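> Here is how the chains run, residue by residue.
4 protein chains.
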Amino acid sequence: MKYSFKNDYSEGCHPRILEALVKYNLVQQNGYGLDDYSQNAAKLILQKINNPKAKVHFVSGGTQANLIVISAFLRPHESVVAAETGHIFTNETGAIEATGHKVHGVETADGKLKPDDIQKILNLHTNIPHQVKQKMVYISNSTEVGTIYSKVELQNLYEFCQEKNLYLFLDGARLGHALTAETNDLTLEDIAKYTDAFYLGGTKNGALIGEAIVICNENLQDEFGFHLKQKGAMLAKGRLLGIQFQELLKDDLYFELAKSANQKAMEIKKAFEEKGCSFLSETFTNQIFPILTQNQIGQLSQNFDFYVWKKIDEEKSAVRLITSWATTDSIVADFINEIKNLK
Amino acid sequence: MKYSFKNDYSEGCHPRILEALVKYNLVQQNGYGLDDYSQNAAKLILQKINNPKAKVHFVSGGTQANLIVISAFLRPHESVVAAETGHIFTNETGAIEATGHKVHGVETADGKLKPDDIQKILNLHTNIPHQVKQKMVYISNSTEVGTIYSKVELQNLYEFCQEKNLYLFLDGARLGHALTAETNDLTLEDIAKYTDAFYLGGTKNGALIGEAIVICNENLQDEFGFHLKQKGAMLAKGRLLGIQFQELLKDDLYFELAKSANQKAMEIKKAFEEKGCSFLSETFTNQIFPILTQNQIGQLSQNFDFYVWKKIDEEKSAVRLITSWATTDSIVADFINEIKNLK
Amino acid sequence: MKYSFKNDYSEGCHPRILEALVKYNLVQQNGYGLDDYSQNAAKLILQKINNPKAKVHFVSGGTQANLIVISAFLRPHESVVAAETGHIFTNETGAIEATGHKVHGVETADGKLKPDDIQKILNLHTNIPHQVKQKMVYISNSTEVGTIYSKVELQNLYEFCQEKNLYLFLDGARLGHALTAETNDLTLEDIAKYTDAFYLGGTKNGALIGEAIVICNENLQDEFGFHLKQKGAMLAKGRLLGIQFQELLKDDLYFELAKSANQKAMEIKKAFEEKGCSFLSETFTNQIFPILTQNQIGQLSQNFDFYVWKKIDEEKSAVRLITSWATTDSIVADFINEIKNLK
Amino acid sequence: MKYSFKNDYSEGCHPRILEALVKYNLVQQNGYGLDDYSQNAAKLILQKINNPKAKVHFVSGGTQANLIVISAFLRPHESVVAAETGHIFTNETGAIEATGHKVHGVETADGKLKPDDIQKILNLHTNIPHQVKQKMVYISNSTEVGTIYSKVELQNLYEFCQEKNLYLFLDGARLGHALTAETNDLTLEDIAKYTDAFYLGGTKNGALIGEAIVICNENLQDEFGFHLKQKGAMLAKGRLLGIQFQELLKDDLYFELAKSANQKAMEIKKAFEEKGCSFLSETFTNQIFPILTQNQIGQLSQNFDFYVWKKIDEEKSAVRLITSWATTDSIVADFINEIKNLK
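If you read the protein sequences in the order shown, they are chains V, U, H and X.
Heads up: the first sequence at position 316 corresponds to 316 in this note's numbering, and the numbers run straight through without jumps.
Heads up: the second sequence at position 195 corresponds to 538 in this note's numbering, and the numbers run straight through without jumps.
Heads up: the third sequence at position 287 corresponds to 973 in this note's numbering, and the numbers run straight through without jumps.
Heads up: the fourth sequence at position 55 corresponds to 1084 in this note's numbering, and the numbers run straight through without jumps.
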């Protein structure tokens, strides 16, 4: 069977998580997120962001996190601005609209939103009350195309949002990868400081399931549990989420796993560069998009699985390769070997 | 720390499930429910219900299962009838209404719906199109108060629903307990035969999370995946659900765990009976509701935790005790001992 | 053709309204409620309620008014309490649930809610966050069964709501009839003082269409126009609503029409009383519910149309008779004559 | 006061409608659209479209028509494609999203959708079930920028929709104007033949309020009344809508009014052409978009009111001028005189 670079959720979870699940398995705990592990994991996050007033809630997946946060924060006539590549705009089967809110899609070069992009949307919606009112900006870090925000970019965006009375919400399905990229200059504390809310992704970084929603803006924290329950996100055995995040965060495992995934991707990237390949976008996280000829794609496909992402011209296409915490050195070595042999 | 009889989700999962998670942990699999384990678990269910045309979908929890099934099946003007004790009527923070549908609550003696209960609601809604149209009946087995449906009761209800053009949907959060109760005469095959859809609960019967939605009515199977995704229920690592249900269903583990929970409850029930206690309702599953004096409640509370369920009079209240697959013989023996010593 | 006592919207509108429509027909005005007539009508209402800070919005009908007010005021997890006879509970095809909110129905003797009725619902919903949060109380005056609130009843209810942090919203589809009933002791000013919002019904009191929503609670006034537009309630020619309410309110026409309808109903009621009939409920507005034998119903049905409302026993049923501003003295005389001849 | 060319809903209604309202005012009728006038008006429409199996429903306004049709036809995971200038995409405060459905906006040159525009959206949504399913195409005729569809364009679009299993819904807020434009080659019968549903606008063509929804596709007709009621669109005095459409359609008044509005616009257009002005788009209906210098705009603004629509460059902007059934010859003559005097 071919090895798959299709995504970062092909395996189960990091072995330390399974060990923790075994260890605590028969300890009786309260349900619905009131277990010791969830409460401890929440504390670990508050320490790491250096904000004891933030609130943490654990949910199963990213679409769930997005739809609950957005529907909890917005009033019925309010909308959210996202990049056209943003997960909520195009990859969640209308989950946000299903809660009643319009998502504005903005075309971007690199999956990142800038104040100007948002201002354009604001400029198109001045006919009050005949148009929706923009009230939230949604970004992803790393983005769906593997790019990351710099500190000054995030600061500028947050200041713009503050000025325009917009909430800034950051989808962190791959936040670990963003914060451990070699070009990154943001800390988790910065993320909490320059957003109203964000989530810290577990599913794509070593957990079986789980994302940790962090609500930094105190005005938005109220009664959030009702929304979790109403949307079917409150697990009876919330311990499953708590144990995992406790294990990932009690030391630096969470960041080590992401960093390892990034490094593997960078090694592969380097091999493509040495072969003279160009890339669809310049990324430093665990997603790379080399542009290959049809022949090269055919060669690599014999032993490896990946997505052909975008046709460039008659001869060439960009492919997407994703590494993860589970990608081994030996697989990377095998793959690089095949890259070296590409014609 | 006191031992808790408060619910059947206080522990993690049956050890065999953890073993299976460990065993398959590093095998690469497709995401979003297309993994081998989920597909195999679905096949096992189809065999057990003897209906190869049914469709199976795994989700994280009961509220999620309920809201997705109901919103996928109903058109905007259609409503669902439930008992007032029904989980969707009173314990899901308006999850069904949040998808746009009215839930009619019917007062019942024992948590079970009968054709007459539903007919009363139909009779109150004849002013077309000024009132919602009833299109679904929601029942739970075992019910939220521990009672179960007999075969003839379920058949009658299903025939009534067929005649009135109503879908019958069965919440099986504790279906294992219902089907292994000593007074039960229904099989899993019957459940599939006499409902349009149901779910088989994992969370309360030995799994970490997970409920298996089974859509028996072929007209309702179409495009269900869209609804799962839109409501945030499609796990990237669907393998987590697949592995658990595969393990629970590859032999009779699922039913053995439920039966064990029931037996423990019946042992405790017998001890109360021998002490001369009466009960709020007559149950044969893993929930019992003995009526005790305030003194007796105080005595039992010293070493055990449980809910005081309903005040009967100035002196007495019914309490709720729930056993599970994880309740041990020795705990039951200790508890029975305390019952014997009650004054 | 038989004369109909089936409802109070069988005719068009009071002739003065048609005259006003003709008079202003070709004057150019701004659209969407920014016309002079709507603004003037709003001012007239603020004067009558003696509250210059309230906000007025005109919409087409009662269901529309209800669904917009409720969905604009509530957050997703919040619910509204109503009598089981309340229009939103049973006669609006799930309009409120379609905006995502649960409506709790309370059984009442006379269609009116008392603090105790609401407290019972609150008592059933203490399991935070697993149950919806009650945030609004919906009442109608006059109620759907023709009864009215006294001043002390409304004050008590409002104080209770204030104490429990609940909004009080009054459906005034027949508010004119309530305030001109011979037993009434409330003024329009009281209505505004003891509710967070209410609406003043036009459709059932002489207008072609139109209800005037009045938001008294200043915290709830913000951005209401967005909700009107989103729900399809903002008429391009808002003048149609403005002209009608301006005409109804520039003197006491609105109240005179309602009073006339009430008086006609009371004359008919008296005739039934003199005949020895009893009534389903004691009403002093434009709806009466005499209890008649099948024979009597048959006799009256020969020349008049009305609803048989509720079966009392094998022999007798209550019928519903509604009068309106358009009911003439001569029709009432004819009908009373037939009552006198009843066997 | 300045004469306004800002829109086609600045006046009341055509005098014949007021006469009819007066004439039938005191005739008792059934409520909720079951009055004789509504039923007769529906028949007149069925005759004009030559399709006795279509179903007609009258509602108050365009946003209401759009949101009810779309939410009634689509299942929760289905979406609708519109031009970015489409009313539902940008001018209804998220009314469609508020019912749970995504609206895809397509950039167009002239406000009209072509099969290729839709195919592009389909091509972006092949990742089942992670993306919404396109199920409806929404067009306007005349469009929001005054352009119209030719017969072959509409046929091609309908065939494409049929092939792709998409419903075609036409917003006819200004359908009268489209069908009476000098370049038009479509009939009302064609409109019904080449769409699944459409509406015939009254508000912008001589009525006080009112749009007539026509459902041509028999599979979509079922239980539509429930949706009308639930969304607050079912007027108690449906007669108001019925009388108006009966009057507009019993002869050719509806088309005469639209044609008159178009002719007035064309006279003004010709005056601008003779002055050497160019236009933002080439229109033959009651909206024109001449491009003027700031000085010219200033001159015309002294006695006339209109919207400055789009800045072209530092010196010039396009303005929007809308005529209506109520625009008189003398106003047009005055305005043309001012155009002739423009510098």
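Treat the hints as calculated values from the structure; they're not laboratory data.
In this text the structure is predicted, and so the values were computed from the model without any measurement.
C-beta: ideal position from N, C-alpha, C; glycine also.
Be aware that one or more of the hints could be misleading.
Claimed, not checked - DSSO-like cross-link-like pairs, simulated, lysine-lysine; straight-line CA separation at most 30 Å: (1) K653/U x K997/H; (2) K250/V x K345/U; (3) K53/V x K850/H; (4) K250/V x K396/U; (5) K936/H x K1052/X; (6) K1162/X x K692/H; (7) K1193/X x K396/U; (8) K936/H x K1149/X; (9) K507/U x K850/H; (10) K120/V x K1149/X; (11) K1279/X x K688/H; (12) K709/H x K478/U; (13) K345/U x K43/V; (14) K819/H x K478/U; (15) K709/H x K1031/X; (16) K23/V x K653/U; (17) K653/U x K936/H; (18) K349/U x K23/V; (19) K1149/X x K6/V; (20) K133/V x K821/H; (21) K311/V x K1052/X; (22) K850/H x K654/U; (23) K821/H x K654/U; (24) K114/V x K1084/X; (25) K1164/X x K310/V; (26) K463/U x K997/H; (27) K654/U x K800/H; (28) K879/H x K654/U; (29) K398/U x K1345/X; (30) K135/V x K1162/X; (31) K997/H x K476/U; (32) K1340/X x K507/U.
Claimed, not checked - Where chain V lies over chain U, by a calculated footprint (3+ residues, C-beta under 8 Å): (33) 344-356; (34) 406-412; (35) 431-439; (36) 447-454; (37) 480-494; (38) 543-557.
> Run the structure past the numbered hints and jot down the numbers of the failing ones, going up.
1, 4, 6, 8, 9, 12, 16, 17, 21, 24, 28, 29, 32, 36, 37
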